[in-house]
Amino acid sequence: MNSDKEANQETCELPIHTRDGEFLAQYSKKGLCGLSFPSRNSRNGDPLRDAPIQAQIRRWHEETTHALENALAGQPVREFPPLDLSAGTDFQQRVWKILKSIRCGKTLSYGQVADEIGDRKAVRAVGRACGANPIPVLIPCHRVLASKQKIGGFSGGLDWKRKLLAREGVLLLD
DNA sequence: TAAGTGCGTCGTT
DNA sequence: AACGACGCACTTA
Numbered sequence: 130m131n132s133d134k135e136a137n138q139e140t141c142e143l144p145i146h147t148r149d150g151e152f153l154a155q156y157s158k159k160g161l162c163g164l165s166f167p168s169r170n171s172r173n174g175d176p177l178r179d180a181p182i183q184a185q186i187r188r189w190h191e192e193t194t195h196a197l198e199n200a201l202a203g204q205p206v207r208e209f210p211p212l213d214l215s216a217g218t219d220f221q222q223r224v225w226k227i228l229k230s231i232r233c234g235k236t237l238s239y240g241q242v243a244d245e246i247g248d249r250k251a252v253r254a255v256g257r258a259c260g261a262n263p264i265p266v267l268i269p270c271h272r273v274l275a276s277k278q279k280i281g282g283f284s285g286g287l288d289w290k291r292k293l294l295a296r297e298g299v300l301l302l303d
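Be aware that the first sequence starts at 130, since it is given in the numbering used here, and climbs by one per residue.
Simulated from the structure, these hints should not be mistaken for lab results. Mixed in with the good hints there might be a few duds.
Using C-beta positions, here's what the derived DEER-type ranges look like [claimed, not checked]:
1) D244 <-> Q183: 35 to 43 angstroms
2) H195 <-> D248: 30 to 38 angstroms
3) E151 <-> E245: 32 to 40 angstroms
4) L287 <-> G163: 15 to 23 angstroms
5) L302 <-> R253: 18 to 26 angstroms
6) G234 <-> A275: 16 to 24 angstroms
7) F166 <-> E208: 36 to 44 angstroms
8) Q183 <-> K277: 42 to 50 angstroms
9) R187 <-> L302: 42 to 50 angstroms
10) K229 <-> G298: 14 to 22 angstroms
11) K250 <-> R296: 27 to 35 angstroms
12) T218 <-> E142: 18 to 26 angstroms
13) A275 <-> A184: 41 to 49 angstroms
14) G203 <-> S168: 34 to 42 angstroms
Below, in silico cross-link-like pairs of lysine-lysine (BS3-like), each with a Cα-Cα straight-line distance of 30 angstroms or less [what the hints assert, rightly or not]:
15) K279 <-> K292
16) K226 <-> K159
17) K229 <-> K277
18) K235 <-> K292
19) K250 <-> K235
20) K229 <-> K158
21) K226 <-> K158
22) K158 <-> K250
Beta carbons: idealized from backbone N, C-alpha and C, even for Gly.
All chains, please: the whole structure from these sequences, using the hints.
Okay, here's the thing in structure tokens:
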């Protein structure tokens with residue numbers, strides 16, 4: 130577990146409009162710490178609408194926006210904003226780091242990720258860690274498949290996983 | 001073979 | 001103590 134769990138509760142949420150709907154990016158003082166898929170009920174009568182946004186966060190948000198646009202188009206992301214993954218456990222952070230290394234259009238199996246961690250038997254734990262990924266799409270947990278190129282699962286809904294993989298040209302077996 | 005069942009194993013709640 | 005975004009061995013038809 131992390132010691133400074135409650136330390137920075139201060140986060141700033143900003144929307145990102147895409148052809149796939151309105152994502153929501155969440156920033157801490159350290160960087161991008163969350164990204165959520167479009168949801169129907171997220172029309173915001175935003176009480177903090179006029180709150181001043183720090184220049185640094187605006188800059189990060191620009192980077193996030195560009196990164197997300199590329200990722201949604203199935204193209205490699207050139208530049209990332211700083212990512213704040215400090216909310217995750219050590220194990221989760223190890224998994225997420227491996228996910229970041231999977232290049233666009235490539236995939237790993239849950240088992241292969243477990244191998245890279247150094248413990249094949251941790252396969253199921255890897256699946257759990259993938260599901261806990263706070264920044265989907267940008268941290269490409271959708272590029273982790275079950276064995277034999279089967280789709281596996283996805284916390285954001287399997288439709289999203291299929292869509293993202295299809296745009297990167299990945300073929301599934303299912 | 002294709003589809004279904006059972007169980008090992010590990011981090012998290 | 002119980003539960004998974006798994007994987008493998010092992011039934012069945």
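Check: Tell me, which hint numbers fail for this structure?
Finding: Violated hints (numbers, rising): 7, 14 and 22; every other hint is consistent with the structure.
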